[in-house]
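Q: For this one, chain A is given, so just place chain B on it according to the hints.
Protein chains: 2
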Amino acid sequence: MNHMVKSYRLDRTFSALSDPTRREILQRLASGPATISELALPAGMSLPGLMKHVRILEDAPTEKSGRTRQCRLGPEQLDDARQWIQTYRRWERRLDRLEGYLEKTRGERA
Amino acid sequence: MNHMVKSYRLDRTFSALSDPTRREILQRLASGPATISELALPAGMSLPGLMKHVRILEDAPTEKSGRTRQCRLGPEQLDDARQWIQTYRRWERRLDRLEGYLEKTRGERA
Chain A
1 MNHMVKSYRL DRTFSALSDP TRREILQRLA SGPATISELA LPAGMSLPGL MKHVRILEDA
61 PTEKSGRTRQ CRLGPEQLDD ARQWIQTYRR WERRLDRLEG YLEKTRGERA
Chain B
1 MNHMVKSYRL DRTFSALSDP TRREILQRLA SGPATISELA LPAGMSLPGL MKHVRILEDA
61 PTEKSGRTRQ CRLGPEQLDD ARQWIQTYRR WERRLDRLEG YLEKTRGERA
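In the order they appear, the protein sequences are chains A and B.
Using the numbering used here, read the first sequence as starting at 1 and increasing by one per residue.
Using the numbering used here, read the second sequence as starting at 1 and increasing by one per residue.
The shape of chain A in the complex, shown without the other chains (with noise of 0.2 Å):
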């Protein structure tokens, strides 16, 4: 798939997940369809609020059917986030072996 394309649906992927709300409603999704007065208000939220996750949720790359609500983000969207966390992990892990072999001959030629 193209970079670009690729990197904008990571983009939209990860600003998806970053709210508490979107999750939570993402959660209560993944479990079967439901109407906008089904998905449980988060206390405290009024219904233009919800509103405006649902619609963020609908622009994100998400998979849609149906007359209610069933907006998920679909298995390659989640596989790509996963991916590039896992990769960057993988970097972090290297690092710091290279940190700890650089430590200990340091320590040798001290």
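Keep in mind the hints are simulated off the structure, nothing from the lab.
Wrong hints could be hidden among the right ones.
Same chains, same names: a pair is fine if it fits in one copy or spans any two.
Unchecked claim - Straight-line Cα separation of at most 20 Å, EDC-like style, residue types lysine to aspartate or glutamate; simulated pairs:
{"no.": "1", "residue 1": "Lys-52", "residue 2": "Glu-24"}
{"no.": "2", "residue 1": "Lys-52", "residue 2": "Glu-92"}
{"no.": "3", "residue 1": "Lys-52", "residue 2": "Asp-79"}
{"no.": "4", "residue 1": "Lys-6", "residue 2": "Asp-80"}
{"no.": "5", "residue 1": "Lys-52", "residue 2": "Asp-11"}
{"no.": "6", "residue 1": "Lys-104", "residue 2": "Glu-92"}
{"no.": "7", "residue 1": "Lys-104", "residue 2": "Glu-24"}
{"no.": "8", "residue 1": "Lys-6", "residue 2": "Glu-24"}
{"no.": "9", "residue 1": "Lys-6", "residue 2": "Asp-59"}
A: Just chain B, lined up with the frame of chain A:
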């Protein structure tokens, strides 16, 4: 860990990852510390624009050290984010299996 604290940390981690320039900066910093002038400016980006992203990263729950920029998203934050995605993915798979089962039994009943 406190649920609220963990949720807040997830917000900041996903938010930090939701921009391609910030992901590039993190990738660069994962391979070792750098000064602002060493961070290659993405094409067409001004220094104040770059600084804005660095400040957002520094506000994220990153590990900071020394005089040079070394803000890395630590292993705990990344593991939390990855775990959230994996758990969500598992629900999705379960839902897909359930849908497949219902589809099949519907066909048998028809």
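Q: Now tell me if each hint is right for this structure.
A: Each hint tested on the structure:
| no. | hint | verdict |
| --- | --- | --- |
| 1 | Lys-52 with Glu-24 | within (14 Å within a copy, 29 Å between copies) |
| 2 | Lys-52 with Glu-92 | neither (36 Å within a copy, 24 Å between copies) |
| 3 | Lys-52 with Asp-79 | neither (26 Å within a copy, 29 Å between copies) |
| 4 | Lys-6 with Asp-80 | within (8 Å within a copy, 23 Å between copies) |
| 5 | Lys-52 with Asp-11 | both (18 Å within a copy, 17 Å between copies) |
| 6 | Lys-104 with Glu-92 | within (18 Å within a copy, 46 Å between copies) |
| 7 | Lys-104 with Glu-24 | neither (46 Å within a copy, 30 Å between copies) |
| 8 | Lys-6 with Glu-24 | between (25 Å within a copy, 14 Å between copies) |
| 9 | Lys-6 with Asp-59 | within (15 Å within a copy, 26 Å between copies) |
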